[in-house]
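A.B. asks: Sequence:
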Amino acid sequence: MAFGGFSYSAFGMDAPVGEALLGSGDWVFLWQGGWALASDALTPAALGFFLYMVAFMDTTATIPTGSMAERWKWSSFCVWGVFCGAIYYPIIAAWTWGGGWLAKTWSTMSLGAGYVDFAGSGVVHLTGGVAAFTGAIVLGPRIGKFGKDGTPRAIPGHHIPMAMLGTFILLFGWFGFNAASTFAATDVQLATVATNTAIAGAFGAVTSMLWITRRVGKPDPGMMANGMLAGLVAITAPCAFVAPWAAALIGVIAGVLVIEAVFFVERRLKIDDPVGAIAVHGVNGIFGALAVGIFSDGRYGAAWNGSASEGIKGVLYGDWGQLGAQALTVGVIIVVNGLLSFAFFKIQNAVTKGGIRSREEDEVQGLDLPEMGVQAYPEFTVTR
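Numbering (this note's numbering), first residue to last: 3 to 386.
Any given hint could turn out to be false.
[What the hints assert, rightly or not] Once the Cα atoms are required to be at most 25 Å apart in a straight line, the calculated DSS-like pairs of lysine-lysine come out as:
| id | residue 1 | residue 2 |
| --- | --- | --- |
| 1 | Lys272 | Lys147 |
| 2 | Lys220 | Lys272 |
| 3 | Lys150 | Lys355 |
| 4 | Lys348 | Lys272 |
| 5 | Lys220 | Lys147 |
| 6 | Lys150 | Lys272 |
[Unchecked claim] Across the chosen pairs, the derived CB separations fall in these ranges:
| id | residue 1 | residue 2 | range |
| --- | --- | --- | --- |
| 7 | Leu371 | Tyr54 | 56 to 64 Å |
| 8 | Glu72 | Gly320 | 45 to 53 Å |
| 9 | Ala182 | Phe382 | 34 to 42 Å |
Quick caveat, the hints were computed from the structure, so don't treat them as lab data.
We put the beta carbon where it would ideally sit given N, CA and C, even for glycine.
Throw the hints in and build the complete structure from the sequences for me.
C.D. replies: Have a look at this one:
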């Protein structure tokens with residue numbers, strides 16, 4: 003939060019403040035005027051928008067900590083936070099929420115109302131999930147995660163009750179994440195957004211419980227938590243544009259997707275993702291962004307992105323162009339942010355003394371004391 007907030011405020015303000023810096027008209031790639039929050043165009047309302055956007059940027063920055071857990075140097079993570087706040091997140095945010103070229107594909111390519119993402123399935127979660135994917139590849143698996151024949155070994159989390167508590171805290175925060183994206187409590191759509199958020203999260207959790215029981219014979223609390231988060235990620239983009247029945251279906255699909263994606267990433271791709279961040283945020287970020295172009299019913303979103311749209315509609319309601327706008331942006335995020343994050347981690351690994359991965363002996367011992375200088379659980383330490 004500290005490092006990303008610093009760099010985002012100094013270099014990364016992506017709202018269309020001032021004139022276009024790169025591009026013009028409907029093809030703007032970068033805005034000028036937001037540097038160091040010093041522009042006269044930055045009104046108190048714009049500063050409030052900045053503060054809200056910091057939370058979205060910080061979410062993007064922290065998603066890779068899940069896939070790179072237990073072996074990523076703290077100092078390397080801090081540098082990543084600066085890069086994410088200054089460059090990685092602002093680029094895609096400027097192209098979409100900032101009114102850039104992906105928001106204007108309704109004009110340039112006749113694609114729906116341009117890219118639509120109410121609270122960040124694509125802009126936040128997929129962008130963070132892509133970095134989680136590339137970072138885990140560069141870092142490699144934890145010691146002992148895969149056998150000599152490539153068979154994955156389970157390395158259970160040490161505190162499942164705390165993980166469940168964290169999930170419920172995230173659930174509570176998601177109502178701010180999504181509902182506050184109406185930018186006004188007077189917007190009656192706030193109730194729709196909050197309701198759809200709750201429905202998708204609930205259906206994601208229940209579906210994942212049933213699906214993991216079918217797959218392994220027992221309900222897995224960790225997978226249930228991921229199922230709830232998957233439902234929340236998937237509903238984040240379409241939450242204002244779909245009916246409650248669609249929110250339920252989105253949650254069901256997300257609950258299945260997250261489990262199958264976890265297995266695919268670990269067993270087929272041989273990528274070590276300790277918490278399932280790639281599946282939760284990456285895969286369901288893709289699904290959530292596309293869901294706008296499938297399930298949106300046209301009741302909300304008139305003139306979105308400055309278009310002539312009377313409401314956002316998906317393919318179920320006759321608009322294939324909206325799905326095209328969503329798919330294009332998903333592809334852009336995967337390619338552009340994938341290349342950016344992979345290049346960053348590779349270069350950082352090459353120029354950092356000892357690389358970005360912790361030493362083997364520190365990884366075996368646990369990173370609390372070697373990296374932070376204190377034990378997370380000092381009462382568990384045995385001394386003579």
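A.B. asks: Next step is simple, just say for each hint if it's right about the structure.
C.D. replies: How the hints compare with the structure:
1. Lys272 / Lys147: holds, 10 Å
2. Lys220 / Lys272: Holds, at roughly 24 Å.
3. Lys150 / Lys355: violated, 29 Å
4. Lys348 / Lys272: Holds, at roughly 19 Å.
5. Lys220 / Lys147: Satisfied, since the Cα-Cα distance of roughly 22 Å is no more than 25 Å.
6. Lys150 / Lys272: Within the cut-off at roughly 12 Å; holds.
7. Leu371 / Tyr54: 56 to 64 Å: violated, 37 Å
8. Glu72 / Gly320: 45 to 53 Å: holds, 48 Å
9. Ala182 / Phe382: 34 to 42 Å: Between alanine 182 and phenylalanine 382, where Cβ atoms are some 39 Å apart, the hint holds.
Hint violations for this structure: numbers 3, 7, all remaining hints satisfied.
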